[in-house]
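There are 2 protein chains.
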Amino acid sequence: MLAARLSALPAFPLAQRMSRMKASAVREILKVAERPDVLSFAGGLPAPELFPVEAIAQAHAEVLADDGRAALQYSTTEGYGPLREWITSHLGEGGLHAATDQVLITNGSQQGIELVAKVMLDPGDVVIVENPSYLAALQTFSGFEVDFAVVGSDNDGMRVDDLERLVGGERKPKLIYLVPNFQNPKGTTLSLERRHALVRFAQRHRILILEDNPYGELRFRGEHLPSLASLDTEGVVISLGSFSKVLAPGLRLGWAVGPRELIRHLTVIKQASDLHTASLAQRAAARLLTRFDFNAHLETLRAVYGERCQTMLSALEKHMPAGTRWTVPEGGMFVWVELPRGMSADTLFPLALDKRVAFVPGSPFFASEPRSEFMRLNYSNRPSELIEEGMRRLGAVIASQQQ
Amino acid sequence: MLAARLSALPAFPLAQRMSRMKASAVREILKVAERPDVLSFAGGLPAPELFPVEAIAQAHAEVLADDGRAALQYSTTEGYGPLREWITSHLGEGGLHAATDQVLITNGSQQGIELVAKVMLDPGDVVIVENPSYLAALQTFSGFEVDFAVVGSDNDGMRVDDLERLVGGERKPKLIYLVPNFQNPKGTTLSLERRHALVRFAQRHRILILEDNPYGELRFRGEHLPSLASLDTEGVVISLGSFSKVLAPGLRLGWAVGPRELIRHLTVIKQASDLHTASLAQRAAARLLTRFDFNAHLETLRAVYGERCQTMLSALEKHMPAGTRWTVPEGGMFVWVELPRGMSADTLFPLALDKRVAFVPGSPFFASEPRSEFMRLNYSNRPSELIEEGMRRLGAVIASQQQ
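The listed protein sequences derive, respectively, from chains A and B. Here this note's numbering is used: position 214 in the first sequence is 214, and no number is missing along the way. Here this note's numbering is used: position 129 in the second sequence is 532, and no number is missing along the way.
Any given hint could be a false lead.
Stated by the list, open to error - Using 16 Å as the maximum straight-line C-alpha spacing, the simulated EDC-like pairs for lysine to aspartate or glutamate come out as follows:
{"no.": "1", "chain 1": "A", "residue 1": "K174", "chain 2": "A", "residue 2": "E164"}
{"no.": "2", "chain 1": "B", "residue 1": "K758", "chain 2": "B", "residue 2": "E437"}
{"no.": "3", "chain 1": "B", "residue 1": "K577", "chain 2": "B", "residue 2": "E496"}
{"no.": "4", "chain 1": "A", "residue 1": "K22", "chain 2": "B", "residue 2": "E664"}
{"no.": "5", "chain 1": "B", "residue 1": "K425", "chain 2": "A", "residue 2": "E388"}
{"no.": "6", "chain 1": "A", "residue 1": "K172", "chain 2": "A", "residue 2": "D125"}
{"no.": "7", "chain 1": "A", "residue 1": "K31", "chain 2": "B", "residue 2": "E481"}
{"no.": "8", "chain 1": "A", "residue 1": "K174", "chain 2": "A", "residue 2": "D125"}
{"no.": "9", "chain 1": "A", "residue 1": "K355", "chain 2": "A", "residue 2": "D37"}
{"no.": "10", "chain 1": "A", "residue 1": "K318", "chain 2": "A", "residue 2": "E388"}
{"no.": "11", "chain 1": "B", "residue 1": "K721", "chain 2": "B", "residue 2": "E664"}
{"no.": "12", "chain 1": "B", "residue 1": "K434", "chain 2": "A", "residue 2": "E388"}
What the hints assert, rightly or not - From chain A, some residues computed to sit far from chain B (all C-beta separations above 12 Å):
{"no.": "13", "residue": "L163"}
{"no.": "14", "residue": "V167"}
{"no.": "15", "residue": "F220"}
{"no.": "16", "residue": "A303"}
{"no.": "17", "residue": "R325"}
{"no.": "18", "residue": "S344"}
{"no.": "19", "residue": "S363"}
Because the hints were derived from the structure by calculation, they are not lab data. Backbone N, C-alpha and C fix where the C-beta goes; we use that ideal spot for every residue, glycine too.
Put together the whole structure using the sequences plus the hints.
Below, the structure is given as structure tokens:
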């Protein structure tokens, strides 16, 4: 393993899927954006000051004191029973009624995407995605050598009325992937009417919907909308949830809920992938949730994120030159900004960095026909003062490019 | 999501790989074997009474008190720096010298197998495995629709002298997978001479070796043998390690160490799979390892497992009828028993269960040409008294079948 001698030797032939797995450009951007002197709105991180650190510490201490050996031993792939029960009960409150054996615990919802892809997708299969869409999901699907069929979106989310043209072709799509609530990167939400239409569409064509819902609990404005899974009576929706945005991402806990038979397939695949999700983290979360006031915690998150979002929207109003437009999220963590005509976020990025402010250029979020006039801004990870200051800097950079 | 209506609807077409992913027969066996009245040697569990529960609890408490927000936030895919540094330093003591950026933290070594398979293997590729081999690795590889080329083994491990005949064919094997130390299921260890020969073979043919080494630290007899990775100077070995057998499996912490370029590919694939391994568990393990007496803990594990192994070997000697043979492990967790001529472990299993003793029949461990006269016994998970009693029951069942 002497590094010096290795470079001269021929590389191993890799799997074909690796040719689709470009090193993520955004990853490089995020590294640059993390320079300590830069005010970054590039990442997608929740506010760490709101993590319930003490409650999490206490839950770990109690589980290890009471059930230490079981919490540290191998456990079942399906996940810890009481945690799965809490999830079904919690989903029930939101109108999604499922049995405990319809829930699989995953390492965050990212693993849910991976497992569904692995159960469903062969090379050359077609996956329908919004354009733009969550970048890491596109990356996961690319690893399964699929082709994307893209559908546009507006302020009411995916253009469901535009789906029909995607099913007439030679290859019937296998999967529709979307983030219906407070989408990443756009921050927009699928309207109720479109939810009904999408589920009907999927039922009519027997195409599986993968509903990725990491932000659903973070609504700070407007009315709760039913999940796609809750509108479905024919088993065409798998819904992914996550504790990453509502407890803490560092625990890597999420879940998949869906038709029993598909959950069984996901479980077989997960077993071969990593046996099971960490027993200790699952038990600590279950312990925490039985007596921690989760709803009060959600209220706090919603209040803080709502305030930060409002600060960002007001600051955009104040500092952006004419011709700049943005989405108005009702929850979640992101605002999507459209630059004045003819301006490119990729060109803007190094200039903004010079002024010590950062964002993610929008182009990598497009599965096809990338457009360069967008950028994604995160508001959950910065206090309001810094959001105000950041938008001031960003507005000045954009204005300077308009002359 | 009303279960009652679902069964009448057509199932979704799954990915082709799913046809290779049979629900594991062993899983069903393990469920039956866990009946509380059954003395089971079927599982592959470490001894929970030896988990350093208090030290783990203290490490979690300290990390959450000192660095709670960072420990609960998203973190890098590569893994927590100080944990990777501890691993490189620990591997260095065993003769394997690697840099920190040659180490990727995984969710147990099972995820390491999955990631290597995903980076390397296309459908129809050939993977060389021992016959019999670790069952869950076979399951993982099957999910990548590969073909197995099998090589036999004896008391010195893989028959390395028999490999040459596997490379002349039309399809050059892409990977050689093995557990060199205290193999699962056989308990046997690859001899030093064969280690050298195997590495030379892999270098000569430029075939990657996947060295899976979850039990290497559990040697209670004989001399430490160098890892395959430490014998390699041409970057043909990826080596997987795990904290599951030496700290606790419920943390789901393992690692892959290997050539820098391959580790980079594994990292890209892991990012798309689950972003990263739990930050809290990684930091707690790193904290624990900086001042917990890990070597003393290993000595305890070796002493206890060595005693249990010896108890099992003596009890086999005492209770097994003539014609029964077994391996003599120098470490790890398993003994592999060959039944008297003409007897089948599959037939024996329900009879043993009637006598309230269980094992895993050997046939599922064979990638091809399964043989039914073997069974795997685990000795790490039962105290000596119960091992003695279990072997007495098992010997009586086997003897009763001989008449």
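These are the hints, each one checked on the structure:
1. A hinted pair counts as satisfied when its Cα atoms are at most 16 Å apart, and A/K174 with A/E164 qualifies at roughly 14 Å.
2. A hinted pair counts as satisfied when its Cα atoms are at most 16 Å apart, and B/K758 with B/E437 qualifies at roughly 14 Å.
3. Distance check on the hinted pair: B/K577 and B/E496 sit about 30 Å apart at the alpha-carbon level, beyond 16 Å; violated.
4. At roughly 14 Å between alpha-carbon atoms, A/K22 and B/E664 fall within 16 Å of each other, so this suggested pair holds.
5. Of the pairs offered as hints, the one joining B/K425 and A/E388 is violated, with about 56 Å between alpha carbons and a cut-off of 16 Å exceeded.
6. Between A/K172 and A/D125, the direct Cα distance comes to roughly 8 Å. Compliance with the 16 Å bound is thereby established for this hinted pair.
7. Taking the CA atoms of A/K31 and B/E481, the gap is about 14 Å. The hint holds against a cut of 16 Å.
8. Distance restraint check for A/K174 and A/D125: the Cα-Cα separation of roughly 7 Å lies within the 16 Å cut-off, and the hinted pair is therefore satisfied.
9. Note on A/K355 and A/D37: the hinted pairing holds, with a Cα-Cα distance of about 10 Å set against a maximum of 16 Å.
10. A distance of roughly 9 Å separates the Cα atoms of A/K318 and A/E388; the hinted pair therefore holds under the 16 Å criterion.
11. Straight-line distance between C-alpha atoms of B/K721 and B/E664 comes to about 53 Å, which puts the hinted pair past the 16 Å bound.
12. Under the criterion of a C-alpha separation no larger than 16 Å, the hint pairing B/K434 with A/E388 is inconsistent with the structure, at around 58 Å.
13. Annotated as non-interface, A/L163 keeps its C-beta farther than 12 Å from every C-beta of chain B; the closest such distance is 17 Å.
14. A/V167, annotated as away from the interface, keeps every beta carbon of chain B farther than 12 Å; the closest lies near 15 Å.
15. No Cβ of chain B approaches the Cβ of A/F220 within 12 Å, the least distance being about 21 Å, so the stated non-interface status holds.
16. Under the 12 Å C-beta cut-off, the non-interface status given to A/A303 relative to chain B holds; the minimum distance is some 19 Å.
17. For A/R325, the condition that its CB be more than 12 Å from all CB atoms of chain B holds, with the nearest at approximately 29 Å.
18. Listed as outside the interface, A/S344 is consistent with that label: its C-beta sits roughly 27 Å from the nearest C-beta of chain B, beyond the 12 Å cut-off.
19. The claim that A/S363 lies off the interface holds: its Cβ sits roughly 19 Å from the closest Cβ of chain B, which is beyond the 12 Å cut-off.
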